[in-house]
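Q: The residues making up each chain are set out below.
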Amino acid sequence: MARVLSFTIVLGTAVTVILFWRRVWWFPPNISTQGAGVDREFGLTLLVTGILFVAAQLILAYCIGRGRKSGRAAYNTGNLRMEVARAVLAAATFIGLALSSYRTWARMYFIGAPRNALRIQVEAEQFAYWFRYPGPDGVFGPMHLRLVNDATGNYFGLDPTRDPASRDDIVTATLGIPENRPIELLLMSRDVIHSFYVPQLRIQQDIVPGMVIPIHFTATRTGDYEIVCTQLCGLGHYAMRAPLKVMKEPNFKKWLAKQAAEQ
Amino acid sequence: MTPTHSQAIPRKAARGFLRKYVFSTDHQIIGKQYYFLALFSALVAMLLSWLMRVHLAWPRLAIPGLGELSAAGAPNGMMTPEYYLSLLTMHGTLMIFFVLTTAPQSGFGNCFLPAQIGADEMAFPRLNMLSFWLTFTSLGALLSSFWARGGPATSGWTAYPPLSGLGSITGPGEGWGQSLWIISIALFCVGSLLGALNFITTTLDLRARGMTLMRMPLTAWAWFVTAILMLLSFAVLLAACVLLMLDRAAGTSFFIPAGLIVSGQMIQGHQGGSPLLWEHLFWFFGHPEVYIAILPAMGLTSHLLSCFARKPVFGYRAMVWATIAIGFLGFLVWGHHMFVSGMNPYSAFAFSVLTVVIAVPSAVKTFNWLGTLWGGRLRLTTAMLFALGFVSIFVSGGLSGIFLAEPPVDVQLHATYFVVAHFHLVMGMAAMFGIFSGTYFWFPKMFGRMMNETLGKIHFILTFIGAYCVFMPMYFLGMAGNVRRYAQFVDPYLQPLMPLHRFITVAALGLGAAQMIFVFNLFGSLFGGEKAGENPWEATTLEWVAASAGKDLVVYRGAYEYAVPGKEKDYVMQNAPDASGSRAEKGARDGNAN
Amino acid sequence: MATQTKLSVLEETRGGDGDGGNWGEGSRGRFGWDPGAALPVGLTGIWIAMASITMFFAAFTSAMVVRAGLGADWTRVALPHILYLNTAILLASSLTLELSKHCLKAGRAGQFSGWLFATAGLGIAFLAGQLDAWRELAARGVYLARNPACSFFYLLTAAHGIHLAGGLLALFYLVARHRRIAEGAIGGTALKVTTLYWHFMDILWLYLFLMLILWV
Amino acid sequence: MKLRTGERASLLLGIIVAGLNFFSCGRRPQSQPGAPISGSRAAKPTPINLATVGKISGTIYFKGQAPSLPIIHMGGDPVCASKHQGKPVYAEDGKVNPNGTLPNVFVFVKAGAGKYIFAPPSKPVVLAQKGCMYVPHVLGIQAGQQLKIISEDPTMHNVHLIAKNNPEWNVSQAPGAPPIVKTFSRPEVMMTAECNQHPWMRCYIGAVGNPFYAVTGTDGQYALKGVPPGAYTIEAWTATFGTQIRQVVVRPKQTTKADFTFKPS
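Protein chains in written order, with the numbering used here: chain A, 1 to 263; chain B, 1 to 594; chain C, 1 to 216; chain D, 1 to 265.
The following block holds chain A by itself, in its conformation from the complex:
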């Protein structure tokens, strides 16, 4: 049994290392400016934990396979100096890792969006996302809860007849954004907690009812992606998603004009 078990552990460790090394399954490609920091941080952590993982598993396998076959075990109740040294080493490594992620985190959350950022409102509900662009005036018209009506397409409860600022607002079911321009999303939920997750953007943020949560990012590669919900929000949770379209600036302008025409 000793050989079977130690062989199993070595084999499992080897398979795991190969799967990570060859990147058989991996992150989707990064398409945002802050994503590189996330990926670097992940790589660094993977290196450190990978070494610890391999070391621990191999030592375990060795102990199992090469235990004393005769006589008594060694009488050894511990070695305080060694234990303290290892604890300090572990603490330094782990805290070092945590601190090294500081800059990426700060960039995502400690600083606000740049002034020239395109601001878009995101409203989540069971089980859809709606997006609102402020239009040429750059102002979001006020929202009236009483007017919210999905069946008539008034997802944000706008009243263009009374509120001039609402007249040029553009409401869509697709999040279209220009490439290489800072985007600020204002996340709101109408009913339960949802989440905004685009794996390629390396962004995930819960959308909490009663709060407006801003996030910002810059997309660097055009293409069609998906926004998915990651916070259990009810029976349609698995199907709650919206298309994300990253376009070149002129294409974005054309797209937005087309959306405006459909309002």
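Since the hints were derived computationally from the structure, they do not count as laboratory data. These numbers come from a predicted model, not from an experiment. Quick reminder that beta carbons are idealized off the backbone N, C-alpha and C, glycines included. Be careful, since some hints might not be right.
To be verified - Computed cross-link-like contacts, BS3-like style, restricted to lysine-lysine with a CA-CA straight-line distance of at most 27 Å: (1) B/LYS457 to B/LYS567; (2) A/LYS258 to D/LYS83; (3) D/LYS87 to A/LYS258; (4) B/LYS445 to B/LYS567; (5) B/LYS457 to A/LYS69; (6) B/LYS20 to B/LYS445; (7) D/LYS148 to D/LYS83; (8) D/LYS95 to A/LYS258; (9) D/LYS87 to A/LYS245; (10) D/LYS123 to D/LYS148; (11) D/LYS95 to D/LYS148; (12) D/LYS148 to A/LYS254; (13) D/LYS87 to A/LYS253; (14) C/LYS101 to C/LYS192; (15) A/LYS69 to B/LYS567; (16) D/LYS83 to A/LYS245; (17) A/LYS254 to D/LYS87; (18) B/LYS569 to A/LYS69; (19) B/LYS32 to B/LYS20; (20) D/LYS164 to D/LYS123; (21) D/LYS253 to D/LYS63; (22) A/LYS258 to A/LYS248.
Claimed, not checked - Only part of the chain A face toward chain D is listed, based on derived beta-carbon distances under 10 Å: (23) GLN126; (24) PHE127; (25) TRP130; (26) ALA151; (27) THR152; (28) ALA173; (29) TYR238; (30) ALA239; (31) ARG241; (32) GLU262.
Given the coordinates of chain A, assemble chains B, C and D onto it according to the supplied hints.
A: Quick look at chains B, C and D alone, frame taken from chain A:
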């Protein structure tokens, strides 16, 4: 009247079947009751996970028999998404509360905490019985929600409001199902609080003469620290459940914000409550809870590695302090579940640093387990195999916690299968390995018979390989952005991952099937196992002291005196007097001199 | 015999264990525990229970502080004046319980019973007073779900009331057996445990009342 | 046998929880078919003389500026969008027929028919989900009659019924799943059914205690047939323009005209 010890005995004496086996105040009977309650819950929860896995891998497959079992949830055997969420909620709740909290702590702890510290009974036997029956009632309330209108709760074991706070308008299962869930958990809280009170008092007050805290077996230490965690964290969960129930039933606004529109309906009467408040209260309980699940298994692993490597625990004191440190730090890190919740990003960073600090005592423990094995003479009994498996699985699951402790990396991995892999390995499977090793180890003491070792070893190797095959691939799923708690995978970017999902499902079916060997072995050995001797494993702790040794135990040494040089046998029992005059023994003799 | 055992316990604790970790007081338990005289476990148990109850109320009050800071919907409620009277009654009940214990020690059985009855009476009066505070609020149209401040008022007073009612049951238990306790036959531990818990309820109420004054 | 305190407490708790469970199960039959319909309440139902029955009919007009209908964004579920081949789908609430009449108006006898008893028809009413839209948009049903919900879409739907007098329900329907069959034991106008996975999907269900109800179509006309002679209150319900109530008298074998005119809200 003068109280004497002989008076304690009639309490245990049989007074009819009902008093002896059902409403018993005997800690061993209660421990076994807890154990079998956990076993039942584990089987139910495993069955639910099978259904979920099959549905995930083959979403269009009609599961035979399921349509008859639950016509509403799975018409013609095709699972609806709400039924999937019900199964998910029940699986999580059953496993976390009724298996991982119940079996290692309340089950083994009740059976062996008094025995290991040399007490006849728990401090409050009747309270003990009440704890069990509260837990039993709680399980009944939870399972009864399968028959409630709309089915069981669908908001997961975390029950985040407003989903869980507004009633059936937010979805099926959010009416009676969710109410029953809250009632069940509140009852479980009360039962656990009373249990914890009993454990702590027993450990503090009822230790045998000479059993100093620093001579307690690491299992007893683990139960003690776990009980403290339970005492403090379940009180908070109980408070949170009261608030959530008031929000649902009385129209208060602790967690429910104003101005919600659900399914086109304006929700009236609620003001500016905060869902984040629930998250804070819940995770203040929830994070200690994962240590509640894992600490007893850690203690047991230390115990078994020492016993079956025939070697003292490497760094006993460090192990004790690591246990205490984990218990203490466990209360300071709840925020790492909330990095993407909309919580203050500055506090997120503080939680991040505290979280990696808690990895240090875990690392110390792992070092010391390897240190205990190093140079040992291993006896690979099934119990030992599961303890070794625990170390391997704990490392594989625990290291991924470092990724999740770093906020920017967590942003990418949060709520994906990476997290599922992490907690299933580090807390789910590892704690299950603890339960298995405890069963194989203590079965002779609990039932007077040995379990079949051959079946045990087959069970072990299948479980070990199965656990890795099921949960390691989930890391890759998570990295690829596969979100958890999805009833189906409809997103195009998830389609390439379907083969991996099918592999996991097949492995999960195999892993589950392997558990049938365990169940067969357990019940077979219960009735037909080989009769066990007094101390079949040649262990040192007091639960293995022969009943004939009398009740007045005196402890002379620490719990792990294996391979002591100069001794005749390679182990010395804790209660064995010794005249060699070592410092420890001299102290005990002084204490005994009166 | 019983006293002898207790003495030997004290002796043994002093004996130490020589193994370091002296905070264990290793030998205390074994002979301190007897089914008939569960003195140490009862006292230890109540201390631990109080730790848990503290945590329970800490959860409520921290939720209250967080909730109060959340938004504009926190409207303060004018607290009923009877709460001040109730507080005085509860403080008085702690005093009478101490007096009762003192009389028992001094061997004045009659006075012991009298003060014990008074304590239970004051406890009932306190609960009745709390109910009256609720009725006053209800008469003003201030119900549980009116606004979060009201919710917390009802929640905290109810939670405290339920815990206090538990203490009251313990007092009834003592009252029902006051003769035999006075004779010294039974209930020494029960009296100690109840006293401790009752004072704790008293302090808890002072804390909650302060929180109510500050936030609600 | 004397029970100890602990046992008594646990017994009590057991009873409480058992009671709760009983309660939760006890409420279930409400949604079961065959529950009593309120029409049967009358002690002695009046028989209907089929030889004398008359008819109420009319047209629903709309005066004023017809609201512009927004385009429905189906981007959230590609399956829905693909079902319409790129053609824009417009919202149905607030739609006005080209001839100035209103479709989707629910007209029914609100009061006056209570003295008769009507067995619910055995034929179910069908509600279809087609291209992520409900067909029909407004639907009448008799209390006690079966509603059969079918899906023709290769995507998951859920039907969330929101009602006040009838129990609320919310059931998912996978592609290829069997029809959902429900009944309404009590009359209620109007209930809404929604699909949460496609939030634009909404339809209205009017359950009436008598068979005298109709929904207007593209011609804006309705007819309530087989009405026994007598005085009635009829109501015309619209989703966006409010409701109107009218008193009518039905004479034997005659058609009573009752037109309604709605204005922009």
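Q: Now tell me, hint by hint, if it's right for this structure.
A: Status of each hint after checking the structure:
| no. | hint | result |
| --- | --- | --- |
| 1 | B/LYS457 to B/LYS567 | violated (32 Å) |
| 2 | A/LYS258 to D/LYS83 | holds (21 Å) |
| 3 | D/LYS87 to A/LYS258 | holds (15 Å) |
| 4 | B/LYS445 to B/LYS567 | holds (26 Å) |
| 5 | B/LYS457 to A/LYS69 | holds (20 Å) |
| 6 | B/LYS20 to B/LYS445 | holds (18 Å) |
| 7 | D/LYS148 to D/LYS83 | holds (22 Å) |
| 8 | D/LYS95 to A/LYS258 | holds (24 Å) |
| 9 | D/LYS87 to A/LYS245 | holds (21 Å) |
| 10 | D/LYS123 to D/LYS148 | holds (10 Å) |
| 11 | D/LYS95 to D/LYS148 | holds (26 Å) |
| 12 | D/LYS148 to A/LYS254 | violated (45 Å) |
| 13 | D/LYS87 to A/LYS253 | holds (23 Å) |
| 14 | C/LYS101 to C/LYS192 | holds (9 Å) |
| 15 | A/LYS69 to B/LYS567 | holds (19 Å) |
| 16 | D/LYS83 to A/LYS245 | holds (21 Å) |
| 17 | A/LYS254 to D/LYS87 | holds (20 Å) |
| 18 | B/LYS569 to A/LYS69 | holds (17 Å) |
| 19 | B/LYS32 to B/LYS20 | holds (12 Å) |
| 20 | D/LYS164 to D/LYS123 | holds (25 Å) |
| 21 | D/LYS253 to D/LYS63 | violated (32 Å) |
| 22 | A/LYS258 to A/LYS248 | holds (15 Å) |
| 23 | GLN126 | holds (5 Å) |
| 24 | PHE127 | holds (5 Å) |
| 25 | TRP130 | holds (8 Å) |
| 26 | ALA151 | holds (4 Å) |
| 27 | THR152 | holds (5 Å) |
| 28 | ALA173 | holds (3 Å) |
| 29 | TYR238 | holds (9 Å) |
| 30 | ALA239 | holds (5 Å) |
| 31 | ARG241 | holds (7 Å) |
| 32 | GLU262 | holds (5 Å) |
Checked against the numbered hints listed earlier, the structure breaks hints 1, 12 and 21; every other hint is satisfied.
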